[in-house]
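Student: Each chain is listed here by its residues.
Protein chains: 2
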Amino acid sequence: MRKDDHTTMTQLELAVNGTITSEMETVARTERLEPEFVRGEVALGRLVIPANQNHLQRGLVPAGIGSKTTTKINANLGNSPLSSSLDCEFRKVLFAIELGADTVMDLSTGPRIDEIRCKILDTVKVPVGTVPLYQTVEELNDVLELTPAKFLEVVERQAKQGVDYMTVHCGLLRDMIPLTAPRVTGIVSRGGSLVAKWMQVHQKENPFYTAFDELCEIFRQYDVTWSLGDGLRPGCIADATDDAQLAELKVLGTLVRRAKAHGCQVMVEGPGHVPMDQIPYNVQVEKRWCDEAPFYVLGPLTTDIAPGYDHITSAIGAAIAAQHGAAMLCYVTPSEHLGLPNMDDVRQGVIAYKIAAHAADIARKLPGAADRDLELSKARFDFDWEKQFALSLDPGTARRMRQEALDAAEAAGQRRGTGCGGSVADGDDHFCTMCGPKFCSMRNFRDAIGR
Amino acid sequence: MRKDDHTTMTQLELAVNGTITSEMETVARTERLEPEFVRGEVALGRLVIPANQNHLQRGLVPAGIGSKTTTKINANLGNSPLSSSLDCEFRKVLFAIELGADTVMDLSTGPRIDEIRCKILDTVKVPVGTVPLYQTVEELNDVLELTPAKFLEVVERQAKQGVDYMTVHCGLLRDMIPLTAPRVTGIVSRGGSLVAKWMQVHQKENPFYTAFDELCEIFRQYDVTWSLGDGLRPGCIADATDDAQLAELKVLGTLVRRAKAHGCQVMVEGPGHVPMDQIPYNVQVEKRWCDEAPFYVLGPLTTDIAPGYDHITSAIGAAIAAQHGAAMLCYVTPSEHLGLPNMDDVRQGVIAYKIAAHAADIARKLPGAADRDLELSKARFDFDWEKQFALSLDPGTARRMRQEALDAAEAAGQRRGTGCGGSVADGDDHFCTMCGPKFCSMRNFRDAIGR
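First to last, the protein sequences are chains A and B.
The numbering of the first sequence is this note's numbering, which starts it at 168 and goes up by one.
The numbering of the second sequence is this note's numbering, which starts it at 168 and goes up by one.
It should be emphasised that the hints constitute simulated quantities derived from the structure, not laboratory data.
Small disclaimer: the values here were computed from a predicted structure and weren't measured.
Careful, some of the hints might be misleading.
Treat identical chains as interchangeable: a pair holds within one or across any two.
With a cut-off of at most 20 Å between alpha-carbon atoms, the simulated SDA-like pairs for lysine to any residue come out as follows [what the hints assert, rightly or not]:
#	residue 1	residue 2
1	Lys532	Gln445
2	Lys286	Ala378
3	Lys532	Pro447
4	Lys532	Ala405
5	Lys554	Val183
6	Lys417	Ala378
7	Lys554	Arg610
8	Lys545	Pro345
9	Lys371	Val418
10	Lys327	Asp538
This is chain A alone, in the form it adopts within the complex (with noise of 0.2 Å):
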């Protein structure tokens, strides 16, 4: 049956209903899962498919994000007020899909939001996520003017043009804000510091909690899911798992049960910066809270004392946290804290985190997870180099260190027939410049075993 006929209903209200939808067979097909079982799941609330029906329309290849899945990446892109163009961060949006990005998000603050967002809508075929309250505040002169009927008209305007998911930060409630006192960061969500600020400035509560009803009726009109913002997230391992952050987060427990009631998808955000040892915690008191509603993590950062390097830092524990039933892994480029991320940033961001995902998916034992790794390996031992960077990540880097280092050997001196240079990339000598023959280990093997 196809989602076409069903319109007015979300993939959650349809699967509650019994219905397996199309979107609900492709991620069955994709995921190596039973369609039933897919279906099962996105109706108790631990699997969504976040797929605007205005995206769908214009060709979206619907995913599953949930703890059944394999874990899924997401690429942050988007300008800010003082950089980047629209088209530079439009070709990063291409790339970092290209590299395997599952979903990317909009966070673009700068000028012409609207457009360049109509265009990734446009042009990709995964996910797209977006932080509506970025749109509206640079629509205004400062987040105080924010009113809820502004804000429910740009995240109207944002669904209409086909996002499939959304960040608000509906959980940070007016009462939680001296728990960030003691921090040592503060609050370093952006959303979560605008509305922050708001709330103090005008002595009133969260207006994205006060208005969650309307916002979940627009949700609920074009299958937009939601992510639950973590506005409260630490921002350094000394703020882990505080008050603050636990507060915030068993209110979006009672969210999530609310928007399931309005027939919402719903995935909760996490952090942040976490040492590795409450990294699975931090997995199960989401689980346990939030019904098991899809965890989306930031990271976490293990670390803070590596700026130039966050995408490794947090590399580490968005693997744990994966590992431990986190279904959506945000990358961190190298440039986190220091700047907008160019070319290269995403690529080693996007490559860090399907690394992360695809570890976490070996260690949880999903069908099939190693099989890549297999193959690769096997090319590995048969020296077959062509085959071995087809299996990678990143074939073109892996290619160009290769020869980086072919062509350092021959430059050093060697010739061909004393098997470097040309000879290696030739194929025909069994060992590489690592080693060279006389030490090449899988050559040596050969010769032990007879192989």
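Guided by the hints, dock chain B onto chain A, whose structure is given.
Tutor: Same frame as chain A, now just chain B:
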């Protein structure tokens, strides 16, 4: 009491006799431990202080490697028969140490091995390790010409030169070779494959195993620390934790006891390529079978599909291994499987492993482990960029990346006074190019909280 008074005894023998050496005192100071505690750990064989007496005399600063001390990282360097010059490798050694490598291994297999090693030992203050089989084979036409006498001669020569620890593949016995037949990538340890070939062709037992007591006598004389090599470590995740690997590890446990009976300090090497979920078991079984001798692991890589990024695939595994009790992490660089590392690969490898070791030390709750994170986070909240850089693992890279972001913003047409470019670098404005003033979470938080 100074070690110099006991030049005929090893750290282990002195510890067992109740002596606290000046090296133990240095380790206690560095690690914020009590000297008596350090002595006790050395006596139990749970902590080693690789400090060849001939390197000590030339200024070696002793370091402790064990499960109660901070996690150490090692950088492998050295030329190959096919590439890299002596000067170039020497510069990499100095660079790795400057970036924070706690020990270096000279794995040269090319020409002028003695020359490069003596230059390293004369210069560097960190423990230096080798795999003496490499030089032995380099000096022969073929590994098949190897004799125990020749090997002992090379080991003694290196011990006299001042090498602090040596990897020898003593535990790979002849009857284990058939266990490797079903493997996807066979034997990937260079030393392991060489000794396997030697055993198969000569139909004799492992010469390092049969000469183990004689080797111990040389090691004891100079207080060279054993690093019992894992010749059967898995070369892909499909081969992880298999019968071959475990059979060798069991023998290494017996050799740990024999080495200690000779008065030798000893660590045990470990894998390699291991799925995340198997890493804790790998550490636990080593501790059980090897009487908690310090475990020195190579990564492990948690997936095989990312050549060009194996510093990341393995930093994930290394962090988990250290969290569960591995004492030292041998770095893996981006060029692993592709070629010898260049300077930037060395940088990436060392920093990735400093991150893994530090993240694990935080998770292990070592006293003061997170102090630097706290200071950097405070500097971040205070927009004190220079202090952030100074506290970073790689200040130069962090500074450069921020400057590039500022330059990009400037080039995008931003002017001074609108909060971009130079004015940010001046430190006057409390926001950065990522978000700009309106979206700066730390600025908005300060507004909200009145801080």
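Student: Does each hint fit the structure? Answer for all of them.
Tutor: Right, here's what the structure says about each hint:
In this assembly of identical chains, the alpha carbons of lysine 532 and glutamine 445 lie at most 20 Å apart only when taken from different copies (11 Å versus 23 Å within one copy). When the C-alpha separation of lysine 286 and alanine 378 is checked against a cutoff of 20 Å, the pair qualifies neither within a copy, at 29 Å, nor between copies, at 71 Å. In the homo-oligomer, the alpha carbons of lysine 532 and proline 447 lie at most 20 Å apart both inside one protomer (17 Å) and across protomers (16 Å), since each shortest distance falls under that limit. Taking the shortest alpha-carbon separations for lysine 532 and alanine 405, only the inter-copy value of 12 Å comes in at or below 20 Å, while the best intra-copy value is 33 Å.
Taking the shortest alpha-carbon separations for lysine 554 and valine 183, neither the intra-copy value of 45 Å nor the inter-copy value of 55 Å comes in at or below 20 Å. For the identical chains of this complex, lysine 417 and alanine 378 are intra-copy neighbours only, at 19 Å inside a copy versus 64 Å across copies, given an alpha-carbon limit of 20 Å. Within a single copy, lysine 554 and arginine 610 get their C-alpha atoms as close as 19 Å, which meets the 20 Å cut-off; across copies the closest is 51 Å, which misses it. When the C-alpha separation of lysine 545 and proline 345 is checked against a cutoff of 20 Å, the pair qualifies only between copies, where the shortest distance is 19 Å, while the shortest distance within a copy is 57 Å.
Taking the closest pair of Cα atoms, lysine 371 and valine 418 come within 20 Å of each other only inside a single copy of the chain (17 Å); across copies the shortest separation is 69 Å, beyond that limit. For the identical chains of this complex, lysine 327 and aspartate 538 are neighbours neither inside a copy (40 Å) nor across copies (49 Å), given an alpha-carbon limit of 20 Å.
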